[in-house]
Amino acid sequence: MHSLLFYLFSFLAVAGGILLVAFRNPVSSALSMVLSFVGLAGLFIGLNAYFVGIVQILVYAGAIMVLFVFIIMLLDLNNEEKVKFRSSTVVLGIVIPLCLALQILGVIQSQDTKEFQPITEETLAAAAESFPEDGAIHKSLAHEKTPKLPDTNLIGQQIFTHYNFPLQVIGALLLVATIGVVVLSKRTAKTRPTDS
Amino acid sequence: MASLNEFLFVSGLLFAIGLAGVIIRRNIIVIFMSLELMLAAASLTLVAFSRYHVTDNGLPDYNGQVFVFFIITVAAAEVAVGLAIIVALYRARQTINVEDLNSMRG
Amino acid sequence: MSIIFVLIPILAAIAILCGCKARLTALIASGLTLILGLGSVFCWKADVWSVTLQVLSKPSIHLAMGFYDGMSLIMVLLGVLVLFTAVFAGKAPEGREKLYYSSILLIGAGGLGAFLSTDLFFFYAFHELALIPTFLMIGMLGTGERKEAAWKITIYLALGSIILLAGLIWLVSASGSETWLFKDLLASNIDPKAQTGIAALLIVGFGVLISLFPFHSWAAPAYAAAPAPVAMLHAGVLKKFGLFGLIRLYPMVSSGMQDWLGWLIVLLLCNILWVGFVTINQKRLDMMLGNSSVMHMGYIFLAFAALVQAGGAEANPIAIPAAVILMFAHGISIALLFLLTDVVRQKTGTVELAELGGLAKSTPRLAFLFGLAGMASIGLPGLANFSGEVLVFLSGFENYKGEGFGGVQVATILALWGVVISAVYMLRAYRQTFQGPAVPVTESARDLNLSDQIPAIILATALLVVGLYPNSLLSLLKKPPCCSGCDQSTEQAGQ
Amino acid sequence: METLAWIILGLPLLSAVTIHLGLKSSKNLSAYLATGSAFITLVLALIILGPETENRAFEWATIGDLKIEIGLQLDSFAKGMMIVVTGVGFLVHLFSLAYMKDDNAKERYFCGLSLFMFSMTGIVLASNFLMMFMFWELVGLSSYLLIGHWYEKDSAADAAKKAFLTNRIGDFGFMIGILMLWGITGTYTFDGLSEFFDGAHPKVLVPSVTILSVSILLIFMGAMGKSAQAPLHVWLPDAMEGPTPVSALIHAATMVAAGVFMMARLYTSIGVDTIGHLWGMDTIAWIGAITSLLAALMATQQDDIKKILAYSTLSQLGYMVMAVGLLDPDAGMFHLFTHAWFKALLFLGSGAVIYACHHEQNIWKMGGLQKKMPITFLTFGIGTLALCGFPFTAGFFSKEQILESAAHSKQWGLFAVAALVACLTTFYMLRLFFIAFLGKNRSDKANHAKEVGPLMFVPLVILAVLALLSGYQFLADNLSPLYNHEGFHVGAPFIASISALVVGGFLSWKLYFNAESDPLANNGLFKIFRNKFYIDELYAKLVGYAQDTVAAIVHFIDELVINGLIVGGFSRAAGGIGRIFGRLQSGNLQGYAALFGLGVILVIYLTVFVS
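Chains as they are written, first to last, in the working numbering: chain A, 1 to 196; chain B, 1001 to 1106; chain C, 2001 to 2495; chain D, 3001 to 3611.
Note that these hints are calculated values from the structure, not bench results.
Keep in mind the model is a prediction, meaning the values are calculated, not measured.
There's no promise every hint is true.
[Unchecked claim] Have a look at the derived ranges for each label pair, beta carbon to beta carbon:
id, chain 1, residue 1, chain 2, residue 2, range
1, C, Ala2315, D, Val3209, 41 to 47 Å
2, C, Ser2444, D, Lys3450, 36 to 42 Å
3, D, Arg3583, C, Gly2311, 53 to 59 Å
4, C, Lys2058, D, Ile3604, 35 to 41 Å
5, D, Phe3058, C, Ile2162, 47 to 53 Å
6, A, Val107, D, Arg3583, 30 to 36 Å
7, C, Ser2475, D, Arg3579, 41 to 47 Å
8, D, Asp3065, C, Ala2194, 30 to 36 Å
9, C, Arg2096, D, Leu3538, 51 to 57 Å
10, D, Gly3036, C, Thr2143, 47 to 53 Å
[What the hints assert, rightly or not] Under 10 Å between C-beta atoms, here's a sample of chain B residues computed to sit facing chain D:
id, residue
11, Ala1020
12, Ile1023
13, Ile1024
14, Arg1026
15, Ile1028
16, Ile1031
17, Ile1072
18, Ala1076
19, Glu1078
20, Thr1095
21, Val1098
22, Leu1101
23, Asn1102
Using N, Cα and C, we set each Cβ at its ideal position, and we do this for glycine too.
With the rest of the complex left out, here is chain A (with noise of 0.2 Å):
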């Protein structure tokens, strides 16, 4: 990955992060989240992680913002409520984040770095040994003209091989979260009219 593109969409990252904290209104507070996961996403992209980085833009931008986008209107709060932050939080949400920052640093720092090693044509070639011939990894990567990393395969393959059982679970998790949120919103409707 080039480091200038690295340095792009980290500051984008970095930028949306900060800004999603700092902006009073929750609906720029959003799309700032918007903007760091698009430079997130860009870092995947650029660490060969094709799938995830489009899943990350999909399901991030794509839906989960809207979410909350669509939250914050039906719950009519264009604006934070004009409440001074307490300096003591302040400090604290700064102090805590600092320090928690500059260890990762200092972790980071005393560890031996690896360095980027790019993806070559041999390489995926040499790889498409290790995949029975007939699938369509190997094909993707001994294809003559253009070999390509098939991520999106390989991510399958690990995940149906592997993972099969947690992605049961997972299945399962999201069902029940699906009927979880009916059910919230259902019974706040029910109880509503006792409340008031």
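Place chains B, C and D on chain A using the hints.
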């Protein structure tokens, strides 16, 4: 070219920013977003490690990316449920300011 | 299958919670256990009545139940008698019948289970099972300062149970036994150094459950606040669990107990004399009875101390039978007293001694039954407690050979003074409640009708039978100890 | 024979149970049933009179070698005592039929009487100390029930309680004594004791003389309670709150004498010679003497007819105990035997008077009854003479024997006390007699008195005959529990008792014959007598201060220290810690987040940078 440590540093920075958001902000939706940011920071770490840990066949280690996939899924479910709870909470309390939501006070 | 004793009440409790008629179901269930209990007195045999079922392999825990020996049988008899009468005498508040009767049944089931278990784990667990509904009942359906009393008993007994559990686990691990079955544990040897520590934990743990001084202050308020059946079951049956456990586990830690003999004697004397004086100063009938039940635990402890001093059942063969008879007698008499106190409360609306008087005029039957129970509790010959107490005193002097007094003899003599003390408070209370000129609240009181009398009469009969002929119980103790798969016992039974 | 003895024991119990369970509504039937059972037992007791018979005991409680038995000791001693118990018992039952005719709770009364007959029979026939102890307590119970028969009266209820508790104190010692004796000898049956001390193991005695003495003194404590010896005598005068026939039966003739009986039983089991070697036996004699003297002094200034008799009972019991202490249980038992008849006579006579005077008990409100109630007057007079020891009445012979044994053992102090008491006895009994029966009527109630019916005077007459004759050999030989006839001779005792009689009689005649009020009432010394030496007050204070205050203090400490400081301290400490941590539980999300962040930093610091 960016080295692994640079990615990790960006990830740590994002995590710290998310934490700062959680501590400083009072709007529960924004806190929620900050949490998402922290999750995403973790995802970045995983992807970075995945990419830099080259397996025997010369390809990235896809275990990390599988985790990220799971994280995103769980985060989506979490956001759905969490926002539903927030809506319910707002209906019950007419506020999403965490300072007003302190009925857990001991 | 002795597990039936536990299953019947539990199933009945479940049935009540599922909507069966509460009082009827409870009565049938407790009546069944009573019949079974009486039946088993006449025809118990080791292999027929026991069950062993492994429920956990490591640590090896069995759901083992059966009449381990005559002591279990007598305690079960006590349990079924008190359970039936408690159910019969219970008067649930309107709309709370389900909770009320199912709790009573569960307490009974727990007590019976503890006495029937031949596995240390279930021995402990069943007692805990019985405590939970006790707390609930006191806290939810009690009278007076019920919340405070419920918390007090909860915290005290929970603490005692934890200490006890620590002692039991230490005991099992120190014994090196593979299972938690009594027969395996009793066959093992424990290092004397470990015994000292285990004995201390057991004394404190069981002591809290029995309200041994200075862990006694939970008892009286709890019994005063508790609904009558709960007070009957707890003071009558559950409290005996501690003493039962001490006697049952004693052979494993005999030398360890010896190390604490001095303390034991001091504490039991405090139970008798100190609490005795506290009892004299009580102004309410229920508090007085609660304290008196604490005080009488001292006598059973005295038998235990005599056993410890002698160093074993062979050296002092009277001690264990004495303790068992007194446990039975005290259980019945205190249950009867609590039952009748509740009647006094219902009839007059008060249990303050100063507000009562002359009740015998309007309620002669109540006065007679109360007098009987009171006389029993102060050890009048012809009633069960005397049989127990006289045996306890004899056990105190069993190894006395006409020289200077040992600690146990001194304790026995001081404990005898406790008999005077108990006469003082009991007669004072009786005098204040039933004799003297009638006061307005007692003038209009109505006497017991027949159905009110039935439970009281059952208990009074038990008191009389054991009092007039203690051999009726003692002969049960003579049967050889039995447990499932216990080869030696079946041999003995065959002889 | 054996079955008959068991019937004697069982019949009254049967009667009591039947009355309680079945005959509550038919009051008269229950009265007849109880009286009938008393009569049958009397007949049976007369039938079984004779030499010792064997009897089979049944085991009451068995543990290994320990066998507690319920058995009957059917020797002539017990059988003789049975005559006293059943004889007085039957006559009292008979008397009660009339006396309690209009009582509301007649069935309860007769149930109590039957219960008493059962328990007293149990004491008398007991074959061992534990059995005796059981029945010992049971007579205490029946005494409690009968004293408290009119429990609506505060005074009766209190008296009943007092009697029971005082007896309990005595029983405390009794039980310890039994236990110690059991420890020393390994037996508690009377046969076993006599076997043990019968020279079979003489060596055993040597090291444990002290212990044995202590144990016997402790057993005597039981007798002190039951026979109301000082300082446990306070309950007996109060016990007069019970119906008068009860006083006659229980608190004059039988139960209070049980202490003497028990000591005599003990002496005969252990052997008087063995006892003679122990120390401290003089204590018994002196306790008896002091009780006897104190009670006689107190009796001189009582106005309640029953109280006078009660103190005189105390005094006579002191006599018997003195005889026991002088190692002459025969004399004690003989006096018990004669005393039972004439004291029962006096009590029943007083009952008749009280009945006739509509429950007036103050002798100063009586007077002139000799004309209104001639039979009562005559029999009461006989009783008085017997009690005073008038020559050739029953009391004379038995009192003589006690004086004799005092003289014989050269205990001149005791002898002097005994003689003084004899003098005082004459004094106060004649005082009673003069005031209540002679002179003129001093109140309307006495004026309207009529002679009682035959159901009442028949027992009086029978008892009067016995009061006159029971001292003679032909009766005493056959009936008296322990009778050791020694030829009557004139000696120091005779002179002492005659002069006591004369002096007492003269003083009483001088002071009280035709007196309108008590000439000694304002004398300071006699005021002390009137107030019973303030012993009751002292006890009331002592009990009030010692027991109740101790109880209050202990309760206070219990509440304050154990419940308040220790337990409460723990609970407060737990609560305080809880509050501290509760404050951390602010419910503030941001605070939690900050703490969480701090925690993360700390963990990283500790794991990465420290090591």
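Taking 36 to 42 Å as the hint, is the beta-carbon distance of C:Ser2444 and D:Lys3450 inside that range?
Since the Cβ atoms of C:Ser2444 and D:Lys3450 sit about 40 Å apart, the hinted range of 36 to 42 Å holds.
Holds or violated: B:Asn1102 as interface residue toward chain D, Cβ cutoff 10 Å?
holds, 3 Å
So does D:Asp3065 sit 30 to 36 Å from C:Ala2194, Cβ to Cβ?
At roughly 35 Å between Cβ atoms, C:Ala2194 and D:Asp3065 fall inside 30 to 36 Å, so the hint holds.
Would you settle whether the hint for B:Val1098 is holds or violated, based on the nearest Cβ-Cβ distance to chain D being less than 10 Å?
holds, 4 Å
Answer holds if the nearest beta-carbon of chain D is closer than 10 Å to that of B:Glu1078; otherwise answer violated.
Interface hint status for B:Glu1078: violated (16 Å vs cutoff 10 Å).
Check the following: the C-beta atoms of C:Arg2096 and D:Leu3538 are separated by a distance inside 51 to 57 Å.
holds, 55 Å
Interface hint outcome for B:Ile1031 [beta carbon to chain D under 10 Å]
At 7 Å from the nearest chain D Cβ, B:Ile1031 passes the 10 Å test, so the hint holds.
Interface hint check: B:Arg1026, Cβ to nearest Cβ on chain D, cutoff 10 Å. Holds or violated?
With a minimum Cβ separation of about 7 Å from chain D (threshold 10 Å), the hint on B:Arg1026 holds.
Just tell me: holds or violated, for the beta carbon distance of C:Ser2475 and D:Arg3579 against 41 to 47 Å?
violated, 59 Å
Could you check if B:Ile1023 really has its C-beta closer than 10 Å to a C-beta on chain D?
This interface hint holds because 5 Å falls under the 10 Å limit.
Interface hint compliance - B:Ile1028 to chain D, C-beta minimum distance less than 10 Å:
holds, 8 Å
Go ahead and decide if the range 53 to 59 Å is satisfied by the Cβ distance of D:Arg3583 to C:Gly2311.
For D:Arg3583 and C:Gly2311 the Cβ distance comes to about 55 Å; the hint holds.
Going through the hint list in order, the structure does not satisfy hints 1, 7, 17, 18, 19, 20.
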